[in-house]
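Spelled out from the first residue to the last, the chains are:
Number of protein chains: 2
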Amino acid sequence: MVDAIEITTKNKVHILEKLLGHISKKGYGLVYTQFRVESENTAFLYVELENVVDIDCLISELRGFSGVMEVVKFFPTDEIWGKRIIIIGTGIQVSQVVLGAITEADRHNIRGERISVDTLPLAGEKKLTEAVRAVGCLPRVGCLVLAGSLMGGSIVDAIDEIKNKYGVKVISLNMVGSVRDHADLVVTDPVQAGVMAVMSIAKTAKFDIDRVDEVL
Amino acid sequence: MVDAIEITTKNKVHILEKLLGHISKKGYGLVYTQFRVESENTAFLYVELENVVDIDCLISELRGFSGVMEVVKFFPTDEIWGKRIIIIGTGIQVSQVVLGAITEADRHNIRGERISVDTLPLAGEKKLTEAVRAVGCLPRVGCLVLAGSLMGGSIVDAIDEIKNKYGVKVISLNMVGSVRDHADLVVTDPVQAGVMAVMSIAKTAKFDIDRVDEVL
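Heads up: the protein sequence lines correspond to chains V and H, in order.
According to numbering that gives the first Met the number 0, the first sequence is numbered sequentially starting from 0.
According to numbering that gives the first Met the number 0, the second sequence is numbered sequentially starting from 0.
In isolation and in its complexed conformation, chain V is listed as follows (with noise of 0.2 Å):
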């Protein structure tokens, strides 16, 4: 079982290594955590704990530290957000893979998964490039779906990266460039191709994207 607290702080210096260090003095396992600034006088941590004894007393405790704020318990970022579907790529061809992935996520979430579907409309080699590494940084990634007309280049190194060091899942789009190469399926249609990063990481779903040898 996983406990999420979020600690609002007066952004101080040394307050993030103080308060961890409380926590990982208590023996319990870190599972996530988020730090962000959100101004010149206050930052939130967000943190998600395993093996958590008594998350009532440990919440007091963090109350007591000189800077604290607030501390309150949240539901873990895994029961909220689920998994996560990552679409990049033009914004027409986007916003028809997004819709073939809600559409099957719903139908999931329905049924006691957590699926979620997350966006970004952008073009250009270099962009593409940086935007797919990145998605190796997202926690709960399962599969992203590439979509547009023409990519390659550097792109395909990225592809590589996320798929070997990370074990993210890739679906391209039916277009020119070297990236269908490195995918790991390849769809034509982009409703469908949403549909399906959906089925390959939904445990209601019975689909192993590994099984498919074929451009769809």
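Hints listed in this document are in silico derivations from the structure and should not be mistaken for laboratory results.
Nothing here was measured: the structure is a model prediction, and the numbers come from that model.
Where hints are given, some of them may not hold.
You can't tell identical chains apart in this list, so a pair holds if it fits in one copy or across any two.
Said to hold, decoys possible - BS3-like mimics (lysine-lysine), calculated; alpha carbons at most 25 Å apart, straight line:
#: 1; residue 1: K24; residue 2: K9
#: 2; residue 1: K162; residue 2: K72
#: 3; residue 1: K72; residue 2: K168
#: 4; residue 1: K162; residue 2: K9
#: 5; residue 1: K126; residue 2: K11
#: 6; residue 1: K11; residue 2: K168
The hints should help you fit chain H onto chain V, whose structure is shown.
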């Protein structure tokens, strides 16, 4: 200027505090941090820093820590994913709002903006309340669009919370229930709602959501 790095570590207890401690001892300002455990032997620490004098020196120092497997430079999340629109609700309505949002974001991203559009198809008062509250924990969110036919009850408390605590703007479709009364803007057409959500946060657009006091 913000520098971003990702550190791959052998998921050791206390490694996070040690690495963050080293970084803050150098006087570099932590803007954003994300730590996630990938498997029993691997965790990723992504860090964004301000005022870094010599990033290559820092990277080489971090590589010297026991348990660190790899340190690589990344582009900051703000430059890749930019500001975020979040759309939550019923699949068919989310997919129409997202059509407007992606198409409009595409137009702004071409002109140098960076806006991504993230979605979660979901139904039910309790689940929606949890998801709306959790929007507050997400970084870089500008606007939340609630897309459905009936929303009220505890969802409005979550709306008030993310508006007041995190400064997120909320757009609601014109639907049954009290959510309409707590949103910053009510829009009847879902495509229009998506377009206006993007316009409200794009620096390349001239639209002040607070100046609209009618249902569209």
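Against the structure, the hints:
1. K24 - K9: both (23 Å within a copy, 18 Å between copies)
2. K162 - K72: between (34 Å within a copy, 18 Å between copies)
3. K72 - K168: Only across copies: K72 and K168 sit 23 Å apart there, 33 Å inside one copy, limit 25 Å.
4. K162 - K9: between (39 Å within a copy, 20 Å between copies)
5. K126 - K11: neither (34 Å within a copy, 34 Å between copies)
6. K11 - K168: Cα proximity of K11 and K168: none, with 40 Å in one copy and 27 Å across.
Violated hints, in rising order: 5 and 6; the structure is consistent with all others.
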